[in-house]
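Chemist: The residues making up each chain are set out below.
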Amino acid sequence: MGKFLVDIYYVWKNELKLVFRDPAAILLFFLVPLLYPLLYAFIYNNEVVHDAKMIVVDDSRSSLSREFIRKVDASPDVEIVARLDNMEEAIDAKNRGEAFGILYIPCDFSKKINTVQQTQVNVYADMVSMLYYKSFLLSATEVSLDMGADIRVNVVGHGTRSQDNSSMQAVAYESVPFYNPQNGFASFLIPAVLILILQQTLVLGIGTLVGTHNDHKTFSMASQAYFGKNVNAARLTLGKAFCYSSLYIVISIWVLKFVPYIFSLPQIGSMLTIMAFIVPFLLAATFFAMTIAYFVSQREFVMPLFVFTSVIFLFLSGISWPWTAMPDALKAIAYIFPSTPGIHAFVKVNTMGADLAGIRFEFIILWVQTIFYFTTSVLMYHWWIRNYDPKFKGAVKA
Amino acid sequence: MTTETGMLAIMRREFNRIFSSKICIWGMVVAPVLSMFILIYMMNAGLPTKIPIAVVDLDNSSTSRALIRQLDAFSKTDIKFKSVSFREARERMERAEVYGIYYIPKDFSKDAISGVQPKVSFYTNNAFLISGSLLFQDLKTVSVLASAAVGLQMAEAKGISERQIMPVLQPIVVEAHPISNPWLNYSIYLNNTLLPGILQLVVILFTISSLGSEVKSGLGRKLVEMGGGSSWKILLGKMLPYTFIFTLIALLFMSVLYGYNKFPMNNGFLPMFLAYLLLIVSSQALGVILLGVFPNYRFALSAASLMGVLSFSISGVSFPVLSMNPMLQSLSIIFPLRHFFLIYVDQALNGIAFGYSAYKYVALLCFVFVSFFFYGRIKNFLYENEYED
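Chains A and B supply the protein sequences, listed in that same order. Using our numbering, you'd call the opening residue of the first sequence number 1 and step up by one each time. Using our numbering, you'd call the opening residue of the second sequence number 399 and step up by one each time.
Bound-form chain A, shown alone:
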């Protein structure tokens, strides 16, 4: 047992030296996790779309239509940038990118209201962004309900204040957005991105280190084995994994604690609960990275091999495309990767304030992955040592 721990310690220490001597490892393990989350949070930091540009074509030219336009313009999400005479001009302006939506008020707008007929306004939205469409539609609908309520009171006649209230709206309703009260884009996407950055930089960094060993065809160089000590594949795997994960414990404090803090993203989870699942997550991600590093046969190959998976892993985690709407086959595939339970657990704890019982399933999955990928990475090292380090070959069996 004593020797077991000493071996692991030596591998750990040696690997640590190796990491700090390699500029590629420093870039991927430290600089990218340090700066990339800031860049991402900066991109989405405005959270919501304000003042989406809209053009008005008002064929009604009445006080009621002007009231409608004024109220739409006053809503925080929409800004009226131009009033044009006809739809042709408006469409041309939209095509030139001067606005993303058109509000068209037909000529009988006011006349219909005054004669108690249902009237209509048209909102045309460029689908360059769903968020613009949402802003236009929600703002116009709010104004229509608001003005509609006043019109209704005029039609059914005024009564007491409470009677008026209930003719304006027989049933009141309130919407309570949970966990992300301002419907922010950063608050929703960044937590997932942060977890993914941890996993993907581990994959890229470890892949680079393994690829470098392969270039030199001395795979056990980082282990004591090279100097004649007896370190088998399991101890080599554990020692290296502890080196990477211990570094990442520190890095994840920055990524998961300080970055959300700097950008005031929702952060209501307990630190202890986050720590509780981040340990198996980092172990699972480390062993996962060490396993797939098998395929990195040269120092530079990790990027062409794996960078594209970032997009796939993010979508498989069910954040952008709702998890409930994902085909079952893809859900099953998604659970192969540590990022999926990692992201679910982080969103539940950090954003939604769940306790450990609330992430029991993710917690178990992460430990299962840890054990599974530990086994595969031992096999990977075993294979490499046998094939590329003949000097060491005999010692493995001992």
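One thing to keep in mind: the hints can contain errors.
[As the list claims (entries may be wrong)] Simulated coverage check for chain A against chain B, where a stretch passes if three residues somewhere in it have a Cβ under 8 angstroms from a Cβ of chain B:
1) 36-48
2) 308-321
[Claimed, not checked] Here are the simulated EDC-like cross-link-like pairs (lysine to aspartate or glutamate), alpha carbons at most 16 angstroms apart as the crow flies:
3) K448(B) - D470(B)
4) K614(B) - E402(B)
5) K614(B) - D470(B)
6) K620(B) - D470(B)
7) K53(A) - E98(A)
8) K614(B) - D215(A)
9) K53(A) - D92(A)
10) K134(A) - E573(B)
11) K538(B) - E495(B)
12) K556(B) - D164(A)
13) K53(A) - D77(A)
14) K111(A) - E67(A)
15) K631(B) - E402(B)
16) K538(B) - E142(A)
17) K631(B) - E412(B)
18) K517(B) - D215(A)
19) K538(B) - E174(A)
20) K71(A) - D58(A)
21) K53(A) - E79(A)
22) K134(A) - E47(A)
23) K538(B) - D146(A)
24) K448(B) - E495(B)
25) K448(B) - D328(A)
26) K478(B) - E489(B)
[Unchecked claim] Derived Cβ-Cβ restraints for the label pairs, each shown as a range:
27) R96(A) - L675(B): 44 to 54 angstroms
28) A329(A) - D787(B): 33 to 43 angstroms
29) S653(B) - L38(A): 36 to 46 angstroms
30) S615(B) - L35(A): 30 to 40 angstroms
31) Q727(B) - R61(A): 32 to 42 angstroms
32) I423(B) - L35(A): 30 to 40 angstroms
33) K508(B) - Y335(A): 47 to 57 angstroms
34) Y9(A) - S653(B): 53 to 63 angstroms
35) N154(A) - R493(B): 47 to 57 angstroms
36) A751(B) - R61(A): 29 to 39 angstroms
37) A443(B) - D59(A): 37 to 47 angstroms
Just so you know, the hints here were simulated from the structure itself, not pulled from any lab data. Note that the structure is predicted; figures quoted are calculated from it, not measured. The beta-carbon is built from N, C-alpha and C at its ideal position, and this holds for glycine as well.
Use these hints to put chain B onto chain A, whose structure you have.
Modeler: Same frame as chain A, now just chain B:
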């Protein structure tokens, strides 16, 4: 073997290098095609449906039950738990078993009829913004309808004729016209940019690889000799085989997106094909530029990876560029995917005249022109033939 020189010889040699390399087959062919299958399959439904919610009905009257039935009939909402306590609903929301709660208070129908204006509440889980907003639309609509249903009874009591009821309940209707994507289909919306984004990423990475690997294996100088010292012959000979292969991938994407899935391509094949072609050559140019700026194989690849992944965000497909910080708005122009995205919106989605997008095509060409300035540096990089890790 060493006797062959000229651009054609370099091209032939490059095809051999590509097809004898497992990593090229994986990264250039398998990765984009696999991504395409996963993403297209994932979003096959177009618009997410059946998002689970819980209903807390403390009124439990025929009116409230009718309201719940109406809600259940909406396509986006799936009532998973009926008649639970608010506490239970809240717990299920915390465990992400449901993404919304619809709460009907006690005495809801009694109060509504007697004009007390009861209040229904709905809670959405916006940690999952897409699910949350989709549910919000359904839950809000059903609440407005509830108001209308009660209003209808009240209006009838006031003697307003049937013909007049709708104008009274809803005097102004907003009619929405989401131009060119009336289905609000997320697959159209996302895959038309995600797939080209993956293509762009792969193109940049393999452009750098193709040049860097020469130096790494000590063949840089030989390559320069094959090209007779002409940087044009060397670079065109190296690049064109990739242009060809990636164009085939682009055609596969186009046939799946616009052929099989019948996504809108309102101006026909040519403008979009041109956009894909320019996306490929501008990404190759960006690869050359990156290797010219950072003449270190590994570091140039790292820079390319960071840019390639960032493209997905900064192209504006998820969050509009104009709502980002002005600094990021200017930064977005150095990403080919940004220009491609704008062309796609104009030419495929909106089908507006080619003239409106012309300068966006030119923007992509600019990458190619700028890359010419780096040809000399790349030749030196190859000639010096010094690999540094």
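Chemist: Hints first: check each against the structure and report whether it holds.
Modeler: We went through each hint and held it up to the structure:
Beta-carbon proximity to chain B at under 8 angstroms applies to 9 residues in the stretch 36-48 of chain A; the threshold of 3 is reached and the given coverage holds. Coverage of the stretch 308-321 of chain A by chain B holds [criterion: at least 3 residues with CB-CB distance below 8 angstroms; count 9]. At roughly 9 angstroms between alpha-carbon atoms, K448(B) and D470(B) fall within 16 angstroms of each other, so this suggested pair holds. The straight-line distance between the Cα atoms of K614(B) and E402(B) is roughly 22 angstroms, outside the 16 angstroms bound, and the hint therefore fails.
Proposed proximity of K614(B) and D470(B) is contradicted: the alpha carbons are some 63 angstroms apart, above 16 angstroms. Our distance criterion of 16 angstroms between C-alpha atoms is broken by K620(B) and D470(B), whose separation comes to about 71 angstroms. The hinted pair formed by K53(A) and E98(A) meets the criterion: a straight-line CA distance of about 8 angstroms does not exceed 16 angstroms. For the hint pairing K614(B) with D215(A), the CA-to-CA distance comes to about 10 angstroms; that is within 16 angstroms, so the pair holds.
Under the criterion of a C-alpha separation no larger than 16 angstroms, the hint pairing K53(A) with D92(A) is consistent with the structure, at around 14 angstroms. Distance hint between K134(A) and E573(B) is fulfilled; the C-alpha atoms sit about 13 angstroms from each other, no more than 16 angstroms. A hinted pair counts as satisfied when its Cα atoms are at most 16 angstroms apart, and K538(B) with E495(B) does not qualify at roughly 21 angstroms. For a cut-off of 16 angstroms, the pair hint linking K556(B) to D164(A) stands: about 13 angstroms separates their Cα positions.
Annotation: proposed proximity of K53(A) to D77(A) holds, straight-line Cα distance about 9 angstroms (limit 16 angstroms). Proposed proximity of K111(A) and E67(A) is supported: the alpha carbons are some 14 angstroms apart, at most 16 angstroms. For the given pair, K631(B) sits about 13 angstroms from E402(B) by alpha-carbon distance, which is consistent with the 16 angstroms threshold. For the hint pairing K538(B) with E142(A), the CA-to-CA distance comes to about 11 angstroms; that is within 16 angstroms, so the pair holds.
About 13 angstroms separates the Cα atoms of K631(B) and E412(B), which keeps this hinted pair within 16 angstroms; it holds. Proximity of K517(B) to D215(A) is assessed by CA-CA distance (about 69 angstroms); at most 16 angstroms being required, the pair is judged violated. At roughly 9 angstroms between alpha-carbon atoms, K538(B) and E174(A) fall within 16 angstroms of each other, so this suggested pair holds. Distance restraint check for K71(A) and D58(A): the Cα-Cα separation of roughly 14 angstroms lies within the 16 angstroms cut-off, and the hinted pair is therefore satisfied.
Between the alpha carbons of K53(A) and E79(A) the distance comes to roughly 5 angstroms, so the proposed pair stays at or under 16 angstroms and holds. Between K134(A) and E47(A) the alpha-carbon distance is near 14 angstroms, which keeps this suggested pair within the 16 angstroms criterion. A threshold of 16 angstroms between alpha carbons decides the hint, and for K538(B) with D146(A) the separation of about 15 angstroms falls inside it, so the pair holds. Taken as a hint, the K448(B) and E495(B) pair is honoured in the structure, with Cα atoms around 13 angstroms apart against an allowance of 16 angstroms.
Between the alpha carbons of K448(B) and D328(A) the distance comes to roughly 14 angstroms, so the proposed pair stays at or under 16 angstroms and holds. For the given pair, K478(B) sits about 14 angstroms from E489(B) by alpha-carbon distance, which is consistent with the 16 angstroms threshold. A hinted range of 44 to 54 angstroms is violated for the C-beta pair R96(A) and L675(B), which are about 25 angstroms apart. A C-beta distance of roughly 41 angstroms is found between A329(A) and D787(B), which places it inside the suggested range of 33 to 43 angstroms.
Hint check: S653(B) to L38(A), Cβ distance near 40 angstroms, so the stated range 36 to 46 angstroms holds. In this structure, S615(B) and L35(A) meet the distance hint of 30 to 40 angstroms, their C-beta atoms being roughly 32 angstroms apart. A hinted range of 32 to 42 angstroms holds for the C-beta pair Q727(B) and R61(A), which are about 36 angstroms apart. Between I423(B) and L35(A) the Cβ separation comes to about 33 angstroms, which falls inside the hinted range of 30 to 40 angstroms.
Here the CB-CB span from K508(B) to Y335(A) is close to 49 angstroms, well matched to the stated 47 to 57 angstroms. Evaluation of the 53 to 63 angstroms hint for Y9(A) and S653(B) yields a pass: the beta carbon distance comes to about 57 angstroms. For N154(A) and R493(B), the hinted distance range of 47 to 57 angstroms is satisfied, since their beta carbons lie about 48 angstroms from each other. At roughly 30 angstroms, the beta-carbon separation of A751(B) and R61(A) lies within the given 29 to 39 angstroms, and the hint holds.
The beta-carbon spacing between A443(B) and D59(A), approximately 39 angstroms, falls within the hinted interval of 37 to 47 angstroms.
Taken one by one, the earlier hints fail for this structure at numbers 4, 5, 6, 11, 18, 27, listed in ascending order.
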